[in-house]
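> Residue numbers (the numbering used here), protein chains in the order written: chain A, 7 to 161; chain B, 154 to 237.
Fair warning: there could be bad hints in the mix.
For lysine to aspartate or glutamate, the following EDC-like pairs were computed, each having C-alpha atoms within a straight-line distance of at most 20 Å [unchecked claim]:
id : chain 1 : residue 1 : chain 2 : residue 2
1  : A       : K65       : B       : D226
2  : B       : K205      : A       : D147
3  : B       : K205      : A       : D142
4  : A       : K65       : B       : E214
5  : A       : K131      : A       : D142
6  : B       : K205      : A       : E145
For the record, the hints were derived by calculation from the structure and aren't laboratory data.
Keep in mind that this is a model prediction, so the values were computed, not measured.
Listed below are the residues making up each chain.
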Amino acid sequence: MRIRVQTEDFDVGAELAQLRAGNPKIGAIASFVGLVRDLNENAEVSEMILEHYPAMTQKSLEGIVAEAKNRWDIYDALVIHRVGKLVPTDQIVLVAVTSSHRGEAFAACEFIMDYLKTQAPFWKKEQTTSGSRWVDSRESDDKAAQRWETKIESK
Amino acid sequence: MLKLLYFARLRETFGLAEEELELPAQVINVQTLTELLRQRGEVWEVGLASGKPYRVAVNQEMVGPGTIIRDGDEIAFFPPVTGG
Chain A
7 MRIRVQTEDF DVGAELAQLR AGNPKIGAIA SFVGLVRDLN ENAEVSEMIL
57 EHYPAMTQKS LEGIVAEAKN RWDIYDALVI HRVGKLVPTD QIVLVAVTSS
107 HRGEAFAACE FIMDYLKTQA PFWKKEQTTS GSRWVDSRES DDKAAQRWET
157 KIESK
Chain B
154 MLKLLYFARL RETFGLAEEE LELPAQVINV QTLTELLRQR GEVWEVGLAS
204 GKPYRVAVNQ EMVGPGTIIR DGDEIAFFPP VTGG
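Extracted from the complex, chain B is given alone in its bound form:
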């Protein structure tokens, strides 16, 4: 089971703060998970479009698209940060 979290603008775009997802067979890394989410419909396609500024954290660490995803991981999608 994966725990997926969405923050800030992405949470509003998807109308979803968090969900649990059975690790799909085709999901190997961050990139394949993102591709799968994009297939959910237009808001997902737009929110996670390639070239769009968003960040991904796996187990609370910001990572790149090639990072391997394992069962039990917590994966967060969010816009570039704007604190401080």
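Next comes chain A alone, as it looks inside the complex:
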């Protein structure tokens, strides 16, 4: 389990190479990269600040990855989340999962991302043409995370 919170950018290629290095059993890597958009809620975003709760961030991301390992047959997972000042087109987050097969890798990667969006203590504040504002949480993110509860119950 590899979890990093950092201000610096990351190199996806190098991270994926490192994640799978030395394990010939890995047949699949699924990865997701989140980016800063220049437009949100009809306002142009010039930059954003990502704040977090350090003591809780590590714990909550470790919990989410541990849960993914319980549910799917995966080898390892990597989560990198950036904090501090970011501008449009910057990378914010990387989630990558290794497994023998693509199905488990895809599912676990999406699960980690959906739970991160609703459980991990990060907050975005955007600087727009009309001033700065805290980004509101979205109901669609809650729904995305809730899907996984339904799937488990119906098994």
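For this one, chain A is given, so just place chain B on it according to the hints.
Okay, now just chain B, sitting in the frame of chain A:
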């Protein structure tokens, strides 16, 4: 002693990032602590109004209003998260 932390919009609303508080006698759980904080004045009343979207974590775990609070706990108040 309790350690209270405030993040993002709530930190700005209260003008406070963290504080220490002697565990008050009437505080049993998250709900009674929140009620006590609301009595501090208007910004507290507004920031922690019932029905307002905020979350509470006790010792770095998100919890509900019935969670018991003990001396030495770290309690954080924050808006719904928006990372990723």
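> Which of the stated hints cannot be reconciled with the structure, identified by number in ascending sequence?
Those not satisfied: there are none.
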